[in-house]
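Trainee: Chains C and X supply the protein sequences, listed in that same order. Heads up: the first sequence is residues 0 to 133, going by numbering that gives the first Met the number 0. Heads up: the second sequence is residues 0 to 648, going by numbering that gives the first Met the number 0.
Note that these hints are calculated values from the structure, not bench results. Any given hint might turn out to be false.
Stated by the list, open to error - Stretch-level coverage of chain C by chain X, calculated; a stretch enters the list once three of its residues show a Cβ under 8 Å from a Cβ in chain X:
#1 11 to 19
#2 73 to 81
Said to hold, decoys possible - As a list, the in silico DSS-like pairs of lysine-lysine whose alpha-carbon atoms are at most 27 Å apart:
#3 K232/X / K214/X
#4 K82/C / K505/X
#5 K214/X / K3/C
#6 K338/X / K501/X
#7 K558/X / K203/X
#8 K558/X / K113/C
#9 K501/X / K82/C
#10 K522/X / K113/C
#11 K3/C / K34/X
#12 K348/X / K484/X
From the three backbone atoms N, C-alpha and C, an ideal C-beta is built for every residue, glycine too.
Spelled out from the first residue to the last, the chains are:
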Amino acid sequence: MGGKSVIIAFLCRWCAGAAADLAGVSRLHYPANVIPVIVPCTGRVTPRAIVEAFLNGADGVFVGGCHTPSDCHYMSGNFKAFKRVYLLKKLLKQYGIESERLRIEWISATESQKLVRVLEDFVKEIEGLGKLLR
Amino acid sequence: MDTEKSPRIGVFICHCGRNIAGTVDIEKVVEEVSKIPGVVYVKDYVYMCSDVGQKLIADAIREQGLDAVVVAACTPSLHYETFARVVESAGLNRYKYELVSIREHCSWVHLNREEATWKAVRIIYGAVAKVSGNKAYDPIKASVVRRCLIIGGGIAGITAALDLANAGVEVVIVEKSPTIGGKMALLSETFPTLDCAQCILTPKMAEVARHPHIKIYTLAEVVDIEGYVGNFKVKILKHPRKVDPSLCRLCGFCERVCPVEVLNEFDRGLSTRKAVYIPFPQAIPASYVVDVENCTRCGRCVKVCPTNAINLDEREEVVEEDVGAVIIATGYELYPGEKLREYGYGLYKDVIDSLQFERMLSASGPTRGEIVRPSNGEPVKTIVFIQCAGSRDDNHLKYCSKICCMYTAKHAMLFKERVPDGEAYVFYIDIRAAGKGYEEFIKRVQEEFMVNYIRGRVSRVYQDVDGKLVVSGVDTLSGKKITVKADLVVLALGMVPVLDPKLASKLNTPLDEYGFVQEVHPKLRPVEVASSGIFVCGVAHSPKDISETVTQASATAAKVLELLGKEYIVREPLIAEVDEDRCNGCRICASICPYGAIEMVEGKARVNELLCEGCGVCEASCPVDAIRLRNYTENQLLNTVRAVLRGVV
Numbered sequence: 000m001g002g003k004s005v006i007i008a009f010l011c012r013w014c015a016g017a018a019a020d021l022a023g024v025s026r027l028h029y030p031a032n033v034i035p036v037i038v039p040c041t042g043r044v045t046p047r048a049i050v051e052a053f054l055n056g057a058d059g060v061f062v063g064g065c066h067t068p069s070d071c072h073y074m075s076g077n078f079k080a081f082k083r084v085y086l087l088k089k090l091l092k093q094y095g096i097e098s099e100r101l102r103i104e105w106i107s108a109t110e111s112q113k114l115v116r117v118l119e120d121f122v123k124e125i126e127g128l129g130k131l132l133r
Numbered sequence: 000m001d002t003e004k005s006p007r008i009g010v011f012i013c014h015c016g017r018n019i020a021g022t023v024d025i026e027k028v029v030e031e032v033s034k035i036p037g038v039v040y041v042k043d044y045v046y047m048c049s050d051v052g053q054k055l056i057a058d059a060i061r062e063q064g065l066d067a068v069v070v071a072a073c074t075p076s077l078h079y080e081t082f083a084r085v086v087e088s089a090g091l092n093r094y095k096y097e098l099v100s101i102r103e104h105c106s107w108v109h110l111n112r113e114e115a116t117w118k119a120v121r122i123i124y125g126a127v128a129k130v131s132g133n134k135a136y137d138p139i140k141a142s143v144v145r146r147c148l149i150i151g152g153g154i155a156g157i158t159a160a161l162d163l164a165n166a167g168v169e170v171v172i173v174e175k176s177p178t179i180g181g182k183m184a185l186l187s188e189t190f191p192t193l194d195c196a197q198c199i200l201t202p203k204m205a206e207v208a209r210h211p212h213i214k215i216y217t218l219a220e221v222v223d224i225e226g227y228v229g230n231f232k233v234k235i236l237k238h239p240r241k242v243d244p245s246l247c248r249l250c251g252f253c254e255r256v257c258p259v260e261v262l263n264e265f266d267r268g269l270s271t272r273k274a275v276y277i278p279f280p281q282a283i284p285a286s287y288v289v290d291v292e293n294c295t296r297c298g299r300c301v302k303v304c305p306t307n308a309i310n311l312d313e314r315e316e317v318v319e320e321d322v323g324a325v326i327i328a329t330g331y332e333l334y335p336g337e338k339l340r341e342y343g344y345g346l347y348k349d350v351i352d353s354l355q356f357e358r359m360l361s362a363s364g365p366t367r368g369e370i371v372r373p374s375n376g377e378p379v380k381t382i383v384f385i386q387c388a389g390s391r392d393d394n395h396l397k398y399c400s401k402i403c404c405m406y407t408a409k410h411a412m413l414f415k416e417r418v419p420d421g422e423a424y425v426f427y428i429d430i431r432a433a434g435k436g437y438e439e440f441i442k443r444v445q446e447e448f449m450v451n452y453i454r455g456r457v458s459r460v461y462q463d464v465d466g467k468l469v470v471s472g473v474d475t476l477s478g479k480k481i482t483v484k485a486d487l488v489v490l491a492l493g494m495v496p497v498l499d500p501k502l503a504s505k506l507n508t509p510l511d512e513y514g515f516v517q518e519v520h521p522k523l524r525p526v527e528v529a530s531s532g533i534f535v536c537g538v539a540h541s542p543k544d545i546s547e548t549v550t551q552a553s554a555t556a557a558k559v560l561e562l563l564g565k566e567y568i569v570r571e572p573l574i575a576e577v578d579e580d581r582c583n584g585c586r587i588c589a590s591i592c593p594y595g596a597i598e599m600v601e602g603k604a605r606v607n608e609l610l611c612e613g614c615g616v617c618e619a620s621c622p623v624d625a626i627r628l629r630n631y632t633e634n635q636l637l638n639t640v641r642a643v644l645r646g647v648v
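Bound conformation, chain X alone (with noise of 0.2 Å):
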């Protein structure tokens, strides 16, 4: 059936300069090519995805009468759809073409070019046996739902939201905190313009909240989705507020009444808050919330609330959205102080972090910007930054969160100009300071404002007989060993992501080994991951400053764009298929395929063509050859499999 007339195929082999040629005989493997039967025309070229490279497949495709190719080159993931439109463009069906790697399954990972050439040889012989398999299929098409959902409201989620609800895209933001604004609502003031963080941030917030085309869910976490690029169907967990925003009127009644005190996490516990409060005066929604942990249900609040808006028993429910795209915008947590016990990081009070420092030079922050111990209160005169804190460290973390070198020349700074009697020290590893304005702000620190820069780590830190804090370490430029009493250590902890895997599993999207979202391709699909429709933007994909944060937010929100843009989308049409007349009825494919996809229609399985994503499981388990994947047939396979193994025994 697969063999009703031998295809005239065509193979092209591709030196990609010298990243194939320089390892694989290209002579030698056009010599072998030709010998395959159904092979009608090799050619090579030195760069085949090159504009001549493409009018030299469809000419041959034309001239030849080729009606299958095969391509030899890199790795799909890369060129698949550049070769994919060649083909089309000279009338032949995208379906009956292959592009196989030579490249990165070859080339590049051996070393010995006789072995390599056996071997890119054989990987040829495998896809030209499966393409004079492939037949031609249309594209599926399906409807799309105009709507984006972005997970996570800090400043990438509100710029995607943005962007997408002002081209007329229906936004849905689910937020895990009370309120969205992210870290960057925590900041001071931002580097290297020293632009008031809330100053830029709290006007999008609101933006966001009025906007007519974004619904905002806080409290809320994404606990299901299922479905395909252009139809997801997201199920959100929403936890209870038990404030009703809409008849809360901020007057902090409830807040002046509640017994609870705990520590505040908006000021990363550097003040207190009661079990009812609002995180920060500018949240969005503007709303007080009920802290559900630690609430003792007194019911003082529900009392004195002079517009009935708090219902403690409100409880968690399950809501669910339709969505045609999803941003993964979930951003990081600051890496554990608690793990670098050498500098006694909640051993002594006065040794913080970054985000709580951020904390006190705000003007809105525990201590209305004053620089203090936070001990004792008494004012601050000598403070030791820490950089590198657990990064770039094989014990900690492995790689450099990009950052910090930057935020703590300006905390350095912002120090200097509140307490310019005050002596700052940062002790640091290397100074990485790659942007625009970056290089020349650092400098301004060291020579403006008189910041001492010890190049090297500080080995502990511990506190002396009159509580200040002794910061012991090596100048690994003069070699000396250094000590400085401060009163207060800020250590520059990295940034690692809290991307749930179990979520992201569910998104059917990849991690790395940090747990970062892996892009498609870091150059050519940089927001995109390998499940078509989810895209990914901010440090829940790498380690990113503001600007760069905003810049990918507004690339995935045109990359949505493009998607939700269209009329219809188009859906692969390598799928399942029954053939009806060997179809015994078993069930047994019906029954494994992960997706439902296959329901029994009069005693044969039929496959909805929307449902199935073509894993070929029911293939692999059909007892009488009747379900098949199209162009991954089991005929293909054995013959791909025979192929490849050529003249072996």
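This is chain C alone, in the form it adopts within the complex (with noise of 0.2 Å):
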């Protein structure tokens, strides 16, 4: 994958997660350079740990988790995985990062196909901003 983008994408088990299951099941296709890694809910995601895929090399970074206002597994986690993804996103640009680097979007488990629209959408969205220096 010499050059390419590398994204990570968390995503919760319920929803996204399942959506990217069903994604596999459907036989559908979204570029390689997306990385999974299934979390129990988007509001267990800390902010740490999106700076510290951007630290270790990701390029891009991806939330994905149940619909608002009342799909969360957990009732309310998505709420507060977007609160913190807007504050984050607002504290990345003041260190020069792209705040687009940052996505959260929520998808049920159901919509595979909005899954890899999405994912396709902002892999593109990063390819064009390129590499992240560091």
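With the hints as a guide, bring the two chains together.
Mentor: The following block contains the structure:
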């Protein structure tokens, strides 16, 4: 994968992660430079984990959770993730990192096509931005 | 703390036949994974889930002294449990194992071998990093309430209720309409055996009513549910019936004096009823009901009721029930015919839907089984059935409702039996008659009953000057345009699910794009939903006929019995825990926990292990790293991220 962008995708186990399972079962295709990290809930994703991904070579970080307002398996983890991502995007900008490199999306367990569409779009955007210079 | 002693990790890589090995270079993966520090044993096998593969893992755990295991194969929703049992059988704690998907998340979604191999290796890097931090835990035991809630009192709910109650489980049925019976109670006869629907259904309804283990709430809805598998607390809103079923003697005096007349929904608007009414004579509970929306509160019924059963001041109330499992059996409604303007539904009285035609065919229906034109009551000589009305159509329902081919054939047959000199036409796209005795049934209708089957779509239905309906379409086999002058047109409308998405969300039940309940796996766990303790049967799951619904309902009953038959249930121990030395008592976790599972005891947070669901939101918000989600600790997450990206910069 030399030279290609690398993207970490934090996917919650119940919605976006299940959509990734379904994408597989349906044999949909998306770029291989997206590496999934399955978490119980997007509310479990700390800003620190996202920063750690950027520090260790990720060019983009994707967070995929359940639809707001009420699809979250744990009731409100998605809202918490949204607030954290919102604040972190502002902070990233302060450090000269394009806030577009971090994206959060709501994808239900059955929306495998949406997952693929969104990931393709995100990869395109990150590749447009180029490698994150460290 | 997480690295007291570096563990001896074994990694097992599955080929899944060619499913993984076809895209991922297994040899290369083995080579790369073997280099990871801590990994002392790597083995690949063609089918890791097979007996041989399972034995391979168990033997390696014993022989190599492994104390952590990663299996890289398919998604955990498929085989997490399979390998967890293998790991346990070899004497290793099940939480010292991780299953990662290099199939669904890798080989099935990528085509380039080199890229897929690169990614598979990284997925395994992440899993190895995570498992290194995993600790052994014992499952938490919790008691089980041996009661089951069934939402929906149609044939699905009734079947499941009887199966469960006969096995000694207490059942609570919540039905939104005034009677149980559901859509099946509306039907005349059922395909392909032509059993009278009422004759099969009503004895079952009566059995439900007198069963000592079954409690029925009609005119009721589930408004809230909390708790977890084995111990749910359900809030049920009971709308007022205003007639006490224990006092009602079904004398019907109330109905005679009631001045209000409205369309009868049970006859699908083909007849009228009073504001105090009984949906149909065999309704359960066997009692009249006051239609709150249309009642004028004139009080005449109250005066004539000989048993003082009517109380117009009755209010709605909320009751609570404790249950251990929930079955969703909420069924369907027909696709709204009004959306098919080209067929004139809602515009012409003589264009009706299939359930209206069922009522017309029924001996207890609005016409006592006579097939007449709703517009003027004259007999029907020519009838047209339009199949796939709004189905398999990008503008309406994309899916096939599965039962319409069969019930239309039944309709055509029953029409020809009652009107032997009449003409019946069926417009169809394809005939789908897969089922025991189904194809034979269609053949009989076509050949013996001389029903005209026309392959083609109807473009429009309109009325001519003498009031007849003109059905105009194309016969796609001959390519000719066809017009039929009909007395009655019946639309075979598809089925749409009616489960309220808000309720689905309270039940943590995922719905598909059409609103049908999504099962965990169509073949391995077809009646379970992602939240444990919740099951689904009937059309709430997908379009299906009565036989399939009944089969599925019994399947849910079996799964509920499996669950509630246990002395106690095992809850995942992967919940939050507090490091009291670090906790500074800031209360952020307690305020953020969606389950109220964290309480402050002597200035320190404490997790209630029966309430915690293990989401980890508390850990992500703790400023001093004092609260941790077991086996998903912050260190593990950071190590996973680092491992996945090993060598990228």
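Trainee: If a hint holds in the structure, say so; if it does not, say that too.
Mentor: Comparing the hints with the structure gives:
no.	hint	in the structure
1	11 to 19	holds (count 4)
2	73 to 81	holds (count 5)
3	K232/X / K214/X	holds, 16 Å
4	K82/C / K505/X	holds, 23 Å
5	K214/X / K3/C	violated, 62 Å
6	K338/X / K501/X	holds, 25 Å
7	K558/X / K203/X	holds, 21 Å
8	K558/X / K113/C	violated, 33 Å
9	K501/X / K82/C	holds, 23 Å
10	K522/X / K113/C	holds, 24 Å
11	K3/C / K34/X	holds, 24 Å
12	K348/X / K484/X	holds, 15 Å
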